[in-house]
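For chain A, the structure is supplied; the task is to place chain B with the ligands on it using the hints.
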Amino acid sequence: MKKEFVCISCPVGCRLTVWQDEKSAVQVEGNTCPRGKTYGVQEFTAPVRTVTSSVPVSHGAQRMCSVKTDAPVPKARIPEVLRAIRGASLRAPVAVGDCVVENVAGTGANVVATRRVTEKKR
Amino acid sequence: MMRNVDVAIVGGGPAGLAAALAAHKAGARSILVLERDSFPGGILQQCIHNGFGLHYFGQELTGPEYAQRFVDEVEKIDSIEVLLDTMVLQVNPDRSLVAVSDKNGMVRVQAGAVVLAMGCRERTRGALNIPGTRPAGVYTAGCAQRLVNMEGMMPGKRVVILGSGDIGLIMARRMVWEGAKVEMVCEIMPYSSGLNRNIVQCLEDNDIPLYFNTTVVEIHGRERVEGVTVAEVDPATRAPKMETARFVPCDTLLLSVGLIPENELTKGTGAQMDRVTSGAQVDAERQTSVPGIFACGNVLHVHDLVDNVSEEAAIAGENAAKFALGTLQKAETVRVLPEGGTRYVVPQRLVRGEGKAALYFRVRAAYKPARLAVLSGGREIRSVKKRVMTPGEMEKVVIDLKDVAGDVTVRVEEG
Ligand SMILES: Cc1cc2nc3c(=O)[nH]c(=O)nc-3n(C[C@H](O)[C@H](O)[C@H](O)COP(=O)(O)OP(=O)(O)OC[C@H]3O[C@@H](n4cnc5c(N)ncnc54)[C@H](O)[C@@H]3O)c2cc1C
Ligand code: SF4
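Each protein sequence line maps, in turn, to chains A and B.
Position 87 of the first sequence, counted from 1, bears residue number 87 in the numbering used here, the numbering being contiguous throughout.
So the mapping is simple: the numbering used here equals the position in the second sequence, first residue as 1, plus 122.
Some hints here could point you the wrong way.
To be clear about the criterion: a stretch of chain A counts as covered by chain B if any three or more of its residues have a C-beta under 8 Å from a C-beta of chain B, and this derived list gives those stretches [unchecked claim]:
| hint | region |
| --- | --- |
| 1 | 10-16 |
| 2 | 45-52 |
| 3 | 55-63 |
| 4 | 99-109 |
Calculated lysine-lysine pairs in the DSS-like style (CA-CA distance at most 27 Å, straight line) [what the hints assert, rightly or not]:
| hint | chain 1 | residue 1 | chain 2 | residue 2 |
| --- | --- | --- | --- | --- |
| 5 | B | K478 | B | K507 |
| 6 | B | K524 | B | K444 |
| 7 | B | K147 | B | K518 |
| 8 | B | K303 | B | K279 |
| 9 | A | K120 | B | K198 |
| 10 | A | K37 | B | K490 |
| 11 | B | K225 | A | K120 |
| 12 | B | K490 | A | K3 |
| 13 | B | K507 | A | K37 |
| 14 | B | K303 | A | K75 |
| 15 | A | K75 | B | K279 |
| 16 | A | K121 | B | K198 |
| 17 | B | K490 | B | K444 |
| 18 | B | K444 | A | K37 |
| 19 | B | K508 | B | K478 |
| 20 | B | K524 | B | K507 |
| 21 | B | K303 | A | K3 |
| 22 | A | K121 | B | K225 |
Chain B stretches covered by chain A per the calculated footprint, using a threshold of three residues with CB under 8 Å from any CB of chain A [to be verified]:
| hint | region |
| --- | --- |
| 23 | 167-179 |
| 24 | 313-324 |
Hints listed in this document are in silico derivations from the structure and should not be mistaken for laboratory results.
Don't be surprised by glycine CBs; every beta carbon is placed ideally from N, CA and C.
The shape of chain A in the complex, shown without the other chains:
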């Protein structure tokens, strides 16, 4: 099956057509440089994305702490990853890199904090 993508590796935005030939090799057409081919193959075979969100923090100087997956996760798994993040919360103090959800939705990636949240002063 042929699929169409816009290459996002640079502002030119070449239109790529990607398909699998008889020998199951992935073919890319429309790219004007090698980066476009790499991108086309990746998007065709295993598209991945980094997921970012925020989770509530108790006892913090802030109400929310921003988080991300520490590695890109398969695009199709994003809804599960988001569900797991929605169920998570933190307690201050939080440091950048603190683990929020380990091996989120079985993807092998961890959800980690991306900001510092200090304890609320009394």
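Leaving out everything else, chain B with the ligands in the frame of chain A:
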């Protein structure tokens, strides 16, 4: 409270923090950053998505992580003091300023040099004059971004977004990820000013339609938004074609229709402004027309990449320190002028002499392919061909200062 410092910096966003670090490196003995928010980091605190720092750190970071790197550095340096919850009210041409804070009351500062780094604010609905009622549920995209990401509140469930700038695109995905339905993104222009990457990963990934040459012509609802009327516009005049009007039910309208540099304080100093950028006119050292007052970051011109902000702020911070220490050379400047497809160029002035200078500019429309020429003294001193130049991306060209023989012109044309 009364303070005397070498360098005072207004705003503790990425520009202010990078300027502080550079001023320290250049030898300033006392640096004071004044920030009205309770935390440093500026807008980046709410930009929780990733994609920052590829140029500056060679690594993909989220906004808060990018900001934290600068905060960590600043905290290590004793001669940099950051006053939070402190709003600067006035900057005077003699490099004194007035601020207020709950903790310190009135704060008066006399500085050897001042760096303006107040960032920008979003264009609001009032600036656009959409007819209709005035119900709740109309937000700027950045305001919604702050509510969702920092306050944990959802502005609505069924959303229409006007404007396809990056903040609008990022918020389209964010709202979907938080369970809302995003009906569409309307863009009055025939192209998006947002990055391809955001169009693909925010809209296409989530099956959100993007309509070009389309705008919102009316907002409906008494207490709360109940829907909007959208219509196509004539691509030439951008007047709505009312025969194409249709009603789209929604409870929220997000506006992502541009940013305006926050320059009330700058104007108060009497600095010469640039009508196109809405920021001050500066020379290559990022000094305004008022001696000792510098500007950088979004207050100078709207940047789409924070990496460029950090780079520019370092120039301003370094030279502010030199000015305060009395080592910044005074020299005659030539003008830098946009021509043809070039909309503006920063800096607006240059000193002839040694070394190189980077000129940052934007084009008026998409050029595919584009030819860029830099001229000075009737001679072409630099020529570059690019496959594409678009209004959404800031461009940069580096010139050799020894080639400068009079006013410099930056010209872009098809070719
Ligand atoms: C809503 C929004 C979303 C954005 N998203 C992205 C993005 O995804 N990626 C990207 O690369 N860029 C993004 N940008 C651009 C981004 O603004 C810049 O990359 C960068 O944050 C600009 O840095 P700055 O320090 O110039 O401004 P800011 O980050 O805006 O910082 C200015 C600081 O000055 C303070 N200030 C202003 N006036 C005063 C005063 N009178 N007294 C005291 N303090 C004052 C403000 O509180 C603020 O902290 C976004 C911009 C906006 C507005
Ligand atoms: S294929 Fe190459 S030139 Fe085309 S958009 Fe991708 S990176 Fe850019």
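Hints, one by one, checked against the model:
Evaluation of the coverage hint for the region 10-16 of chain A: fulfilled, as 3 residues show C-beta separations to chain B shorter than 8 Å, against a requirement of three. Coverage of the region 45-52 of chain A by chain B holds. Counting CB-CB distances below 8 Å, 4 residues qualify, and the rule asks for three or more. Beta-carbon proximity to chain B at under 8 Å applies to 4 residues in the region 55-63 of chain A; the threshold of 3 is reached and the given coverage holds. Here's how the region 99-109 of chain A fares: 0 of its residues keep a CB closer than 8 Å to some CB of chain B, so the rule of at least three is not met and the hint is violated.
A threshold of 27 Å between alpha carbons decides the hint, and for K478 (chain B) with K507 (chain B) the separation of about 20 Å falls inside it, so the pair holds. At most 27 Å may separate the alpha-carbon atoms for a hinted pair to count; K524 (chain B) and K444 (chain B) meet this at roughly 23 Å. The straight-line distance between the Cα atoms of K147 (chain B) and K518 (chain B) is roughly 25 Å, inside the 27 Å bound, and the hint therefore holds. Simply put, K303 (chain B) and K279 (chain B) have alpha-carbon atoms about 6 Å apart, close enough for the 27 Å limit, and the pair holds.
Our distance criterion of 27 Å between C-alpha atoms is met by K120 (chain A) and K198 (chain B), whose separation comes to about 22 Å. Restraint check for K37 (chain A) and K490 (chain B): the C-alpha separation of about 22 Å stays at or below 27 Å, so the hint holds. Proposed proximity of K225 (chain B) and K120 (chain A) is supported: the alpha carbons are some 17 Å apart, at most 27 Å. For the given pair, K490 (chain B) sits about 25 Å from K3 (chain A) by alpha-carbon distance, which is consistent with the 27 Å threshold.
Only pairs whose Cα atoms come within 27 Å are accepted, and K507 (chain B) paired with K37 (chain A) is accepted, the gap being roughly 23 Å. Only pairs whose Cα atoms come within 27 Å are accepted, and K303 (chain B) paired with K75 (chain A) is accepted, the gap being roughly 19 Å. Pair hint K75 (chain A) plus K279 (chain B) holds up; C-alpha atoms about 23 Å apart against a cutoff of 27 Å. For the proposed pair K121 (chain A) and K198 (chain B), the alpha carbon gap of about 22 Å is at most 27 Å, so the pair holds.
Restraint check for K490 (chain B) and K444 (chain B): the C-alpha separation of about 42 Å exceeds 27 Å, so the hint is violated. Under the criterion of a C-alpha separation no larger than 27 Å, the hint pairing K444 (chain B) with K37 (chain A) is inconsistent with the structure, at around 48 Å. Among the hinted pairs, K508 (chain B) with K478 (chain B) is consistent with the structure: their alpha-carbon atoms are about 21 Å apart, no more than 27 Å. With a C-alpha separation of about 22 Å, the suggested pair K524 (chain B) and K507 (chain B) falls inside the 27 Å cut-off, and the hint holds.
Simply put, K303 (chain B) and K3 (chain A) have alpha-carbon atoms about 26 Å apart, close enough for the 27 Å limit, and the pair holds. Note on K121 (chain A) and K225 (chain B): the hinted pairing holds, with a Cα-Cα distance of about 15 Å set against a maximum of 27 Å. Counting residues of the region 167-179 of chain B whose CB lies closer than 8 Å to any CB of chain A gives 4, so the stated coverage by that chain holds, three being the minimum. Only residues whose C-beta sits within less than 8 Å of a C-beta in chain A count toward coverage, and the region 313-324 of chain B has 6 of them, enough to reach three; the restraint holds.
Checked against the numbered hints given earlier, the structure breaks hints 4, 17 and 18 and satisfies all the rest.
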